[in-house]
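With the UniProt record's numbering applied, the sequence shown covers 1 to 143.
Note that these hints are calculated values from the structure, not bench results.
Bear in mind the structure is a predicted one, so any value in this text is a computation, not a measurement.
Hints are not guaranteed to be accurate.
To be verified - Pairs of lysine to any residue, SDA-like flavour, derived with a Cα cap of 20 Å:
#1 Lys35 - Lys104
#2 Lys35 - Ser100
#3 Lys30 - Glu107
#4 Lys103 - Met31
#5 Lys98 - Asn109
#6 Lys30 - Lys103
#7 Lys104 - Gln40
#8 Lys103 - Leu11
#9 Lys30 - Ile85
#10 Lys30 - Asn109
#11 Lys35 - Lys98
#12 Lys30 - Thr43
#13 Lys98 - Gly108
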Amino acid sequence: MEALLHTLTYLGIGLAFLIAGAFLFSITTKMSERKQILEQANTAAAIKLGGKILGLAIVIWAAAQYSLNLIDYCLWSLFGLAAQILSYWIVEHLIFPKVSLAKKVEEGNTAVAILLFLISISVGLIIAGSLSYDAVYEMLKDQ
1 MEALLHTLTY LGIGLAFLIA GAFLFSITTK MSERKQILEQ ANTAAAIKLG GKILGLAIVI
61 WAAAQYSLNL IDYCLWSLFG LAAQILSYWI VEHLIFPKVS LAKKVEEGNT AVAILLFLIS
121 ISVGLIIAGS LSYDAVYEML KDQ
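Given only the sequences and the hints, what does the whole structure look like? Please build it.
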């Protein structure tokens, strides 16, 4: 029974971070992805948002896998969410400063959407790979 409670707790927290992430992604984007997806049937917007959510889910999975406790899990999930938002800002303003990527996605540019999808997944994988406590365990073990 304790394992079930533990699983449900981690699941609930993970889903809450995923929902919060989708909400924060929508308010930090220059266009309404929800409107673009639901009302305009904009495939590019769906690809872009899907990449952000999947990238965040990868981080949340790694945080659950490697965390030492619930607080650690929440902190790493929050870090992943912030990193996803920051990575989009970096791409939008530093890598493509003269182009509005949000406008390109709003226009239905799937090439831009796929690029943003892959960047979100890449950032998620890098963060997930960085969440290992092996070095910490080795250091403490030798003490």
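**Request:** Could you grab the alpha-carbon distance between Lys98 and Asn109 and see if it respects the 20 Å cut-off?
**Result:** Answer holds: Lys98 to Asn109 is near 16 Å, not above 20 Å.
**Message:** Would the hint linking Lys35 and Lys98 be met if the CA-CA limit is 20 Å?
**Reply:** Violated. Lys35 to Lys98 sits at ~25 Å, over the 20 Å cutoff.
**Request:** Starting from Lys35, check that the Cα of Lys104 is at most 20 Å away, please.
**Result:** Answer holds: Lys35 to Lys104 is near 15 Å, not above 20 Å.
**Asked** Going straight from one Cα to the other, do Lys104 and Gln40 come out at no more than 20 Å?
**Response** holds, 14 Å
**Agreement of Lys35 and Ser100 with the hint, judged by alpha carbon distance not exceeding 20 Å** = holds, 18 Å
**Message:** Just to be careful, I want the Cα atoms of Lys30 and Lys103 compared with a cutoff of 20 Å; is the pair within it?
**Reply:** holds, 8 Å
**Request:** Verify the proposed pairing of Lys30 with Ile85, using a straight-line Cα cut of 20 Å.
**Result:** This hinted pair holds, its Cα atoms lying about 13 Å apart.
**Prompt:** Is the straight-line distance between the alpha-carbon of Lys30 and that of Asn109 20 Å or less?
**Reply:** With a Cα-Cα distance of about 15 Å, the restraint between Lys30 and Asn109 holds, given a limit of 20 Å.
**Request:** Take the C-alpha atoms of Lys30 and Glu107, compute the straight-line distance between them, and say whether it is at most 20 Å.
**Result:** holds, 13 Å
**Message:** Would the hint linking Lys103 and Leu11 be met if the CA-CA limit is 20 Å?
**Reply:** With Cα atoms ~35 Å apart, Lys103 and Leu11 exceed 20 Å; violated.
**Request:** Could you grab the alpha-carbon distance between Lys98 and Gly108 and see if it respects the 20 Å cut-off?
**Result:** holds, 18 Å
**Request:** Decide if the proposed pair is consistent with the structure: Lys103 and Met31, CA atoms, cutoff 20 Å inclusive.
**Result:** holds, 8 Å
Hint compliance for this structure: hints 8, 11 are not met, and every other hint is.
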